[in-house]
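> Could you build all of it, start to finish, from the sequences and the hints given here?
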Amino acid sequence: MTTFAPGEHYHLCVRGNNKQDIFRNDTDRTRLLFLITHLQSPESIPNISRAIQEYKVDKMWDTTTDLVSQIIGTRYVALEAFAFMTNHLHLAVCEIEEKGIVRYMQRVLNAYAKYSNTKYGTVGHLFQGPYRAVHIEDNEQLLYLSTYIHRNPRELPRVAGNEHQYEWSSYCDYLGQNRFGKLLDPSLVLDQFDTVNDYRTFVETSIAKDDSYLFDPF
Numbered sequence: 064m065t066t067f068a069p070g071e072h073y074h075l076c077v078r079g080n081n082k083q084d085i086f087r088n089d090t091d092r093t094r095l096l097f098l099i100t101h102l103q104s105p106e107s108i109p110n111i112s113r114a115i116q117e118y119k120v121d122k123m124w125d126t127t128t129d130l131v132s133q134i135i136g137t138r139y140v141a142l143e144a145f146a147f148m149t150n151h152l153h154l155a156v157c158e159i160e161e162k163g164i165v166r167y168m169q170r171v172l173n174a175y176a177k178y179s180n181t182k183y184g185t186v187g188h189l190f191q192g193p194y195r196a197v198h199i200e201d202n203e204q205l206l207y208l209s210t211y212i213h214r215n216p217r218e219l220p221r222v223a224g225n226e227h228q229y230e231w232s233s234y235c236d237y238l239g240q241n242r243f244g245k246l247l248d249p250s251l252v253l254d255q256f257d258t259v260n261d262y263r264t265f266v267e268t269s270i271a272k273d274d275s276y277l278f279d280p281f
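Numbering (this note's numbering), first residue to last: 64 to 281.
The set of hints was computed from the structure by calculation and includes no laboratory data. Only a predicted model underlies this, so the values are computations on that prediction, with no experimental measurement involved. Fair warning: there could be bad hints in the mix.
What the hints assert, rightly or not - Derived DSS-like pairs: lysine-lysine, alpha-carbon spacing no greater than 25 Å straight-line:
hint: 1; residue 1: Lys119; residue 2: Lys162
hint: 2; residue 1: Lys182; residue 2: Lys162
hint: 3; residue 1: Lys119; residue 2: Lys245
hint: 4; residue 1: Lys162; residue 2: Lys245
hint: 5; residue 1: Lys122; residue 2: Lys182
hint: 6; residue 1: Lys82; residue 2: Lys177
hint: 7; residue 1: Lys82; residue 2: Lys245
hint: 8; residue 1: Lys177; residue 2: Lys119
hint: 9; residue 1: Lys122; residue 2: Lys245
So this is what it looks like as structure tokens:
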């Protein structure tokens, strides 16, 4: 069992129950995207449905609002990278406050499961047991974790070769405009490269996916 501690980094992975898909459409993906970015603190989040509609139009959220400032000021985790697959998702997260990851994942998964069950009239567990976590022990492993997460979507036939354009991963935010402002923090990784193209080369030539045993908790 992984022990969490403030200031430490972790790979979190969640899979659908019986490996079933956890998304049925892009509206579902947008919902979970909103949750992983906006539930990093105990702040209450109003008008989520309206925010989902805004994202469909703008492909980003306004990150200059008072609410976002409150989230940043009170957050107990920092989201550093993510990728959505069909039946699972990967997150790289730093714990800021003690038990922050536990609180964060409980809020995110409960909120999304409730949304999905209500929307589709389903009952039972959406996810396969609790989330799994791997502690990242040093900087080298942190760098390779980011490439592992960002290379994961190449397993999707429609994405392979265009991972940098995949909307449901933070890779495009690392290489271009960060859609989520301070709600996504790529700085610890990107600050170690002279340019974003250097980071892209690092990802494209990485063997991290081949060394999945270092990162895959399943």
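> Look at each hint and say if it fits the structure.
Results for each hint:
no., hint, in the structure
1, Lys119 - Lys162, "violated (33 Å)"
2, Lys182 - Lys162, "violated (30 Å)"
3, Lys119 - Lys245, "holds (20 Å)"
4, Lys162 - Lys245, "holds (21 Å)"
5, Lys122 - Lys182, "holds (22 Å)"
6, Lys82 - Lys177, "holds (18 Å)"
7, Lys82 - Lys245, "violated (32 Å)"
8, Lys177 - Lys119, "holds (21 Å)"
9, Lys122 - Lys245, "holds (16 Å)"
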